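> The primary structure of each chain is shown beneath.
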Amino acid sequence: MRDRIVPVLRGLIFIVIGLVLCGVIFTIAGYSAPLMFQSIAEGAFLRPRAFEHALRWGLPLFITAVGVGISFRAGYFNIGAQGQFYVGAIFAAFAAEWLNGAPAVLVIPACFAAGMLGGALWAFWPGLLRLKSGTDEVITTLMGNFLAGLLLIYVTSGPLKDPSGSGQQASSRPLDAAYRISDSYGLSPTIVAIALCVGTAMWILVNRTAFGVLAGLAGRNARMIEWQGAQLYRLGLSSFLISGALAGLAGTLEFMGPNGRLASGFLPTHGFTAILIALVANLSVVGTAFVSLFFGGLASAALFMPIMAGLPAAAIDIVNAAIALFITAKSNAIDRLFGSRGRK
Amino acid sequence: MPATRDHPQPALRCRDISVNFGDVTALSEVSADFAPGMIHAVVGQNGAGKTTFARVAAGLIRPDAGEVIVAGNAVRTGNVNDVRQAGVELVHQSFALPPSFTVAEAMEFGASGSGFLYSRRKLEQRWQAHLESLDVKVDDRARVRDLPVEIQQSVEIARALVADAKILILDEPTAVLSPSGIANLFERIEKLKQRGVTIILILHKIREVLSVADTVTVLRGGMRVEGPIDCAGINAGQLAELIIGSAAPREINADDRVALTGAGTVAHAESHSADTTAIPMLEMQSVSTHRDAEGPALEDVSLVIRPHEIVGVAGVEGNGQRSLVRALSALSDLAGGTISFEGTDVTRKPLSGRRAAGLRVIPFERNVEGLSLSSALWENWSVRELLQKSLLALIKPAELRKRCAQALTSWSVVYNDVSQPAGALSGGNAQKVILAREMDDDARLILAAQPTRGLDIGATTFVWQSLRSARERGCGILLISSDLDEIFDICDRVIVVLSGRIVGDFSAPYDIAEVGAAMTGAVR
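Which chain is which? The protein sequence lines are A and B, in order.
Just so we're aligned: 178 in the working numbering is position 178 of the first sequence, and the numbers increase by one with no gaps anywhere.
Just so we're aligned: 142 in the working numbering is position 142 of the second sequence, and the numbers increase by one with no gaps anywhere.
One should not assume that every hint holds.
[Claimed, not checked] The following label-pair restraints were derived from C-beta to C-beta distances: (1) B:403 <-> A:184: 33 to 41 Å; (2) B:423 <-> A:138: 21 to 29 Å; (3) B:343 <-> A:234: 27 to 35 Å; (4) B:120 <-> A:233: 53 to 61 Å.
Hints are computed from structural coordinates only; laboratory data are not their basis.
In this text the structure is predicted, and so the values were computed from the model without any measurement.
C-beta: ideal position from N, C-alpha, C; glycine also.
Next up, chain B with everything else stripped away, as it sits in the complex (with noise of 0.2 Å):
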């Protein structure tokens, strides 16, 4: 294997490591060597099993073979005592702190876990010099659930320093990140760099690699198939190259390619415009709602989407984006404002009626929201109809078996039988089973919360080309995305919210720039 630099001894390494779940092979015999004192990516698509090997470097995932070996010691693999003994730490993808505790509080327990009896003040004491130490400004009284998600993240890795850690690996930290939260985060891992930290960053986007990592390494289809490599030798192109690999899909177009791997920015959507004249498939005016449990309240939200038109909704996680869906499903009440379909006012109508007008759902939550796992695959894809008659009509379950076939078929699902449940789909699999559902002939505007979230490249062009073409058959269409590459590609126009308010209006040329000044309420 080529050394990158001649350290005599890496600060991790790892050894042909393989992890199965199940029929499923996640890794299979990875090797990576990785130098002190450096930032390494870790990239690839999902599925590619960088979060499994960040687990298992982390001693959360015992593999079935390799080892991993940290300063030149073998720790014992899926011991996460063992690991953490060793200096290595892991910031998750999906933070772990308590959302009750105070951060003073999830700092102690995160940190040891010791002791039952503490004082609050002592508690204070301890964390908030080391909090200002690494220049995280929160009140350590805060509780965790108050936090913005940049201030949560920042306060995990603080979590993750107290322990002297000597590497810290973190998994997609940059998921949930406004660009310039993004920004924020990378000045904090250079200054960890010159403490001397190793770092490992899982990241998605090649931009994002170029831009912080020392060495790179792709992983693809649960292999190493590239790195560590010098980033100083690799351009994004060669990349996106290693990282979609030959054998993907190949109508994958060159704007869609720089979108799945963040290569570059994609400036234009393709040239598209929507009729400004035709009666708009949806049109919000003023809507309010009421703050509740899952998100902000929207206030004075208005918004027309027309025909023939995708309009993306950019914004960081928690600002309304849930608010915004679940008010045009009716499954929130609205405080003040109307809402209405093709020029018919629907303020008042439940989500049936409104289904019953053409709209259409593709939930943020896949298997909580969108499926149910553990039923059977033709009653997960024939509710939609079902509800839209009396209660005691009667059935035909070997009717509705034979066309839920016909229609999982022809959005190309690969499943064994329709009885079988929902929950033995893979993602991408399990999500076109809600595209076949939510995107028949009928539909005339469609919500898409999050449709490509932990999907592979392939599935993903997959349910854009499935967007495109319902635009093409005179669709509205509404994407909630946290990935500004998916938006810029496919929407025609883009909103930003921000706190439950829509705070900017962008139609292509987009400038990455200027969006996410919005995404966060700075002012230009």
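Extracted from the complex, chain A is given alone in its bound form (with noise of 0.2 Å):
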């Protein structure tokens, strides 16, 4: 028992010590501090409705926070989420694009598919270029990420450009109104029913499944496990693919759902939130979910800040990456505070 609370506790502690330094932050700058804990606590959890609106952002990092946790249980720190997130994204409008017309139950599932496929191929080269020739994966997928920016630039005023838009921010034409998985308030039985469906499947495969414990083995010991016979090839490469087609998932959640059509540089931190996300859930499963509920609720109050502390939105990114400081700190200080013991 105390194995899971210690980690839960110890995520809990990164939260507090991210705010504290927030609070300092914002009092140097000139903001009132009190108020802006004020503001992102009725922001996150108090208002009416809080707690759609935390499910709103949480469950599409919740699904792209898992699959992150994947990947990096099996050793691979593969941080190009976001990057995966928006090539699944263009893979779903392109779906839609071309199918334009037919059926919905034709056109949902394919795009779901596509968006998959799109996320997936994101991981798929940094992946195999890890795993057959060693080229670190921090380097390949951060570029992904740049790639994928840039390629949703070019495809959002380019082929599937908006013909009517206004200019101001490229975008491709809205989604028909009968592929929508959701309203723009963004939250529907649809996309809930999705969340469950991958929580249900990723914390079978993670602790039920024969890949769960091998893929937790090797992200702690690769040669323990090459010693053993197992192919680390293939564990690791179906966890990059697992990772990235949920990002590409969480992307197509976003353009089908919530936003409607795809714009070029929408939800630039998506990815990044989930990795944050994955750490202070300690990689686990059960865990992940209720984090993302909380950082989902912070991703709400972004849009309340402005209205009631005067803060720009922008300044819950400076709550996530105080929060992301102290997340490195993990293995040592926080370890030693706990007192958790084991040799070396």
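Using the hints, put the two chains back together into the complex; each one sits in its own frame.
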């Protein structure tokens, strides 16, 4: 039991320390820290329907974060969730464009398949490079993010450009209402059901299959499992593909649900927040669900802060960054704080 | 304390030294006086505290209590610079020379570490003379990594003597050497003694102690049980008794006792002959591999292991033992030749296929290749089984945990909970977890690579008994060890590897001189 509680407490401590740091930063910058905390608390948790708002932002984050967790568990630091999220959305948008006019029962599944394929593809090449020639996946997936961002700009101002667009922000034609899986408010039974399915499937994969145990071992000590005859190539590449496919799925969800169109540079921090979530949740699937809700709450508070505290919406990025800062301290200082034992 | 000689002032005096690592007591109130100008041996089984003692004396570890007095002056404990200033130098068990440096560079920076600018020529002039004066025949432009271990060690000793060391401590210097290498080392040490250097040798083998040392100090369980006493006044049997102690595991037979302490040489393995008509468990025919970072290429290696047979691989470390195990485990590509298990060709099969056919591997590096230290015990234990399933096969962790607990208990592993990380176990217990995984009932051919390295006497004999009982069940076993006593004691046949070739094949009774000669390629 203690083994489960300690990581959760540890995650909470990052958040608390991060928030305190933010308070200091905003006070120095001349804002009111109490008002900021109040606006975060209200925006995230206290205002009417706060839970639904947290779900709207939290569910796509959860899907991406669970995928990130899969590749981290297997020992691969795939930080390309953002790019995989974009490529997933782009693939789904192309599928919707080509199949435009076909019945929704056909188009919607096809878009999801295309989105997951796109995300998986964007994780496939870094995975292949990593496993075939040892190219550092941190570099390749990071570059993949930039490539995907540029691709999104190209697609939204080229092949999928909305001719009636205002020109302020390049975007694709709005998705036909028949194909939308939610209104622009962003929460619908379909989205909840998808998130539940993903969560269940991934929980089973991690906790109840040979893959889960073996990938976990490979992540902690690849050489040991190699001496056991494991094919690291298969374990590693499937981890990359799963994490990419899930990020792509989240991209599809945002495209077909709340956004309803592909806009260049939409949700630019989605993938990075998901990485943060996976780390705070210590890569556990159940933990990721709760932490996603929390960060979903923060994301919805971002829209609330300018109104209440006169802070820019981007202030929430500082909150996230402050939390991220302390995640790196995880292995040393915090462990010592809890007196976790273990040799070396 | 009875003084061994009537010297007014010991060269090194340790008083009531205690060292704790967390909950583990490594040394407990150890006191010893080492007279100047002599060769002192410090002996004990693994885990007795020998290396900790050496490191305290050299200033690398600050003891929790006690003092170190060099030539009458107390030095600040745990301060390596002070201790070196006082003239104490340590030669490490695993050498500390940077592999990519040339000999001259290693000498320069190992000695003083001062200054930034240097000219290569000046360095070389300076150190070649020093090396020659110590009779170390090496080109000082050679890279450390290209030198044979024996020469590396000589360079390391030369490095330690640069600063005019008065006390030289060598931590298990013989562990990596061939018998003739050991003889050379001892000659070198004798010469140093004549130059007035006080030498403290951390040793493992009684045979070596009695052949080189003037006095011997015995540690057991972190305590000094005897010494320093004059080596002339003690025989191998008494010394073995002191090292093992009366509380040691009961069922150690006489040969094992001798092998454990190196009190003599076990000439006869227990009479045991494999059935030469049986289908070989392993048959390698002219196997060659490519040279890689992990060792020399195998060249034309042919080897047969039959059921009910333990074949030992002797050789100076780094002569292809790793390459051999990796080739058999399908972890390296063959350049030629075939490998078959029980008459079935497995040359093209990956490790998983070979494991399915009954291959089991106890890898060289227990904590890296054998276990994932930060993963739970049950995961470490069940990995072999899980790899035989498809990746998406559903598992029941609760059941795996239960079976793991049963297995670990039957292998008498001391642990708290199967969910605890493997890194929390002691070396002996960690090795037993590996044995529990690798020596199951379906095992046919077992590759045991350094299975007792670093283990104490109880765990070592446990491993030996396990290997013997696997042999009784009909397994074929390949035992790689750098401890000749171990090999002679439990192997039915011994092969010797040198530079990736098999250069000798011996059966009992073994002659340490003959095997030793084969290890270094000396023609006999």
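> Against each hint, give a clear statement of whether it holds in the structure.
Outcome of the hint check:
For residue 403 of chain B and residue 184 of chain A, the Cβ-Cβ distance of about 53 Å falls outside the hinted range of 33 to 41 Å, so the restraint is violated. Against the hinted window of 21 to 29 Å, the Cβ-Cβ separation of residue 423 of chain B and residue 138 of chain A comes to about 26 Å, which satisfies the hint. Separation of residue 343 of chain B from residue 234 of chain A is about 30 Å and conforms to the stated range, judged on CB atoms against 27 to 35 Å. The beta-carbon spacing between residue 120 of chain B and residue 233 of chain A, approximately 44 Å, falls outside the hinted interval of 53 to 61 Å.
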